[in-house]
Amino acid sequence: MNVQFINPFIEGTVSVLKTMAFVEPRAGKPYLKLDTLAKGDISGIIGLTGSAAGSLALSFSEGAILKIVSNMLGEDLKSINSDVKDAVGELTNMVSGVARKNLEAAGFYIQAAIPTIVSGKDHSIAHVMGGPSLIIPFEIDEGVFVVDVCLAE
Amino acid sequence: MVDNNIKILVVDDFATMRKVVRNLLKQGGYEDIVEAEDGVMALKALKSQKIDFIVSDWNMPNMSGLELLKAVRADAELAKTPFLMVTAEALQDNVVAAVKAGVSNYIVKPFTAEVLNEKIKKIIESLQK
Numbered sequence: 001m002n003v004q005f006i007n008p009f010i011e012g013t014v015s016v017l018k019t020m021a022f023v024e025p026r027a028g029k030p031y032l033k034l035d036t037l038a039k040g041d042i043s044g045i046i047g048l049t050g051s052a053a054g055s056l057a058l059s060f061s062e063g064a065i066l067k068i069v070s071n072m073l074g075e076d077l078k079s080i081n082s083d084v085k086d087a088v089g090e091l092t093n094m095v096s097g098v099a100r101k102n103l104e105a106a107g108f109y110i111q112a113a114i115p116t117i118v119s120g121k122d123h124s125i126a127h128v129m130g131g132p133s134l135i136i137p138f139e140i141d142e143g144v145f146v147v148d149v150c151l152a153e
Numbered sequence: 154m155v156d157n158n159i160k161i162l163v164v165d166d167f168a169t170m171r172k173v174v175r176n177l178l179k180q181g182g183y184e185d186i187v188e189a190e191d192g193v194m195a196l197k198a199l200k201s202q203k204i205d206f207i208v209s210d211w212n213m214p215n216m217s218g219l220e221l222l223k224a225v226r227a228d229a230e231l232a233k234t235p236f237l238m239v240t241a242e243a244l245q246d247n248v249v250a251a252v253k254a255g256v257s258n259y260i261v262k263p264f265t266a267e268v269l270n271e272k273i274k275k276i277i278e279s280l281q282k
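Protein chains in written order, with our numbering: chain R, 1 to 153; chain B, 154 to 282.
One or more hints might be untrue.
[To be verified] Taking lysine-lysine and the BS3-like style, the derived pairs with C-alpha atoms no more than 27 Å apart in a straight line are:
id	chain 1	residue 1	chain 2	residue 2
1	B	LYS223	R	LYS78
2	R	LYS33	R	LYS78
3	R	LYS101	B	LYS253
4	B	LYS172	R	LYS101
5	B	LYS200	B	LYS233
6	B	LYS223	B	LYS233
7	B	LYS160	B	LYS200
8	B	LYS272	R	LYS101
9	B	LYS223	R	LYS101
10	B	LYS272	R	LYS18
11	B	LYS172	B	LYS274
12	R	LYS29	R	LYS101
13	B	LYS272	B	LYS179
14	B	LYS274	B	LYS200
15	B	LYS172	B	LYS200
16	B	LYS203	B	LYS172
17	R	LYS101	B	LYS275
18	B	LYS203	B	LYS275
19	B	LYS172	R	LYS18
20	B	LYS233	B	LYS179
21	B	LYS274	R	LYS18
22	R	LYS78	B	LYS172
23	B	LYS272	B	LYS282
24	B	LYS223	B	LYS160
25	B	LYS160	B	LYS272
26	B	LYS172	R	LYS85
27	B	LYS275	R	LYS18
28	B	LYS197	B	LYS253
29	R	LYS85	B	LYS179
30	B	LYS197	B	LYS274
31	B	LYS179	R	LYS18
For the record, the hints were derived by calculation from the structure and aren't laboratory data.
From just these sequences and the hints, can you work out the full model?
Here it is as structure tokens:
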């Protein structure tokens, strides 16, 4: 995968979570994922088409997503409910939007579909292009999450 | 002086995002807020009650924000309703399409309460001139 694709997704993730959920996620070292197993308890997946095509998934641990959505809504959420699932879709949408805007500046014109949500322990993520995908790990005090991108020119 | 006593319609297919936008609007002093989950439901709301301002998402199933904007501008009774497009789609072509369709302004997600309420205030002020 083109290394130019990495930073727009890191910047998008940090910008969205900082603005909408008032958390400052810390990014870890990116690595390649060879299987389809999700790295979290709930994931949002969105298809990408255009001058680069593939898909983006955001996969959150329960602790991380409960903190993020609680902050977004100003409510103290205790479990993954419909509000949380909804928020994961919207967060995926927003991260994709910021990343695509940044990629546009680099000459890539990419459109996005409507996100879908998958939850449950050990759920899988089926990337449009098959894989392998690039994992960018993040953490906040309450848990971890990953940005899982599979994008090809 | 901008009047905060207006009825705002928030249109978004994600209930959570409607709740987030509602919370942000309340921080700006806007209390009279109604919601719709897509463009079709928004048009029903617009036909059944007096709405002063529309804050709509772009990317929705059934009827997108752009299609809703076009429908509002094509309706003689609704045409002048201020329309703020909320979008993750800040791509140049989309902005041009929204401006051509008569959008009052647009705001790119993610955004803060200050940015949202400032955009609304400026649109209302421009209409009062």
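Status of the hints after comparison with the structure:
1. About 41 Å separates the Cα atoms of B:LYS223 and R:LYS78, which puts this hinted pair outside 27 Å; it is violated.
2. Between R:LYS33 and R:LYS78, the direct Cα distance comes to roughly 30 Å. Violation of the 27 Å bound is thereby established for this hinted pair.
3. Under the criterion of a C-alpha separation no larger than 27 Å, the hint pairing R:LYS101 with B:LYS253 is consistent with the structure, at around 20 Å.
4. With a C-alpha separation of about 25 Å, the suggested pair B:LYS172 and R:LYS101 falls inside the 27 Å cut-off, and the hint holds.
5. Between B:LYS200 and B:LYS233 the alpha-carbon distance is near 14 Å, which keeps this suggested pair within the 27 Å criterion.
6. Taking the CA atoms of B:LYS223 and B:LYS233, the gap is near 12 Å; set against the 27 Å cutoff, the hint holds.
7. A distance of roughly 14 Å separates the Cα atoms of B:LYS160 and B:LYS200; the hinted pair therefore holds under the 27 Å criterion.
8. Using a Cα cut-off of 27 Å, the hinted pair B:LYS272 and R:LYS101 holds, with the two alpha carbons roughly 21 Å apart.
9. Between B:LYS223 and R:LYS101 the CA atoms are separated by roughly 24 Å; this keeps the pair inside 27 Å, and the hint holds.
10. Restraint check for B:LYS272 and R:LYS18: the C-alpha separation of about 20 Å stays at or below 27 Å, so the hint holds.
11. Restraint check: the Cα-Cα separation between B:LYS172 and B:LYS274 comes to about 20 Å, which is no more than 27 Å; the hinted pair holds.
12. For the given pair, R:LYS29 sits about 23 Å from R:LYS101 by alpha-carbon distance, which is consistent with the 27 Å threshold.
13. For a cut-off of 27 Å, the pair hint linking B:LYS272 to B:LYS179 stands: about 14 Å separates their Cα positions.
14. Taking the CA atoms of B:LYS274 and B:LYS200, the gap is about 24 Å. The hint holds against a cut of 27 Å.
15. For a cut-off of 27 Å, the pair hint linking B:LYS172 to B:LYS200 stands: about 23 Å separates their Cα positions.
16. As the CA atoms of B:LYS203 and B:LYS172 are separated by approximately 21 Å, the hinted pair is consistent with the 27 Å bound.
17. The suggested pairing of R:LYS101 with B:LYS275 holds, with an alpha-carbon distance near 25 Å, which does not exceed 27 Å.
18. Between B:LYS203 and B:LYS275 the alpha-carbon distance is near 21 Å, which keeps this suggested pair within the 27 Å criterion.
19. With a CA separation close to 18 Å, the supplied pair B:LYS172 and R:LYS18 stays within the 27 Å bound.
20. A threshold of 27 Å between alpha carbons decides the hint, and for B:LYS233 with B:LYS179 the separation of about 24 Å falls inside it, so the pair holds.
21. Only pairs whose Cα atoms come within 27 Å are accepted, and B:LYS274 paired with R:LYS18 is accepted, the gap being roughly 24 Å.
22. Between R:LYS78 and B:LYS172 the alpha-carbon distance is near 18 Å, which keeps this suggested pair within the 27 Å criterion.
23. Between B:LYS272 and B:LYS282 the CA atoms are separated by roughly 16 Å; this keeps the pair inside 27 Å, and the hint holds.
24. Straight-line distance between C-alpha atoms of B:LYS223 and B:LYS160 comes to about 21 Å, which keeps the hinted pair within the 27 Å bound.
25. Distance hint between B:LYS160 and B:LYS272 is fulfilled; the C-alpha atoms sit about 16 Å from each other, no more than 27 Å.
26. In summary, the hint linking B:LYS172 to R:LYS85 is supported, as the alpha carbons are separated by about 14 Å, within the 27 Å threshold.
27. The hinted pair formed by B:LYS275 and R:LYS18 meets the criterion: a straight-line CA distance of about 25 Å does not exceed 27 Å.
28. Of the supplied pair hints, the one linking B:LYS197 and B:LYS253 holds, its CA atoms being roughly 24 Å apart against a limit of 27 Å.
29. Distance restraint check for R:LYS85 and B:LYS179: the Cα-Cα separation of roughly 24 Å lies within the 27 Å cut-off, and the hinted pair is therefore satisfied.
30. Restraint check: the Cα-Cα separation between B:LYS197 and B:LYS274 comes to about 26 Å, which is no more than 27 Å; the hinted pair holds.
31. Distance restraint check for B:LYS179 and R:LYS18: the Cα-Cα separation of roughly 20 Å lies within the 27 Å cut-off, and the hinted pair is therefore satisfied.
Hint compliance for this structure: hints 1 and 2 are broken, all remaining hints hold.
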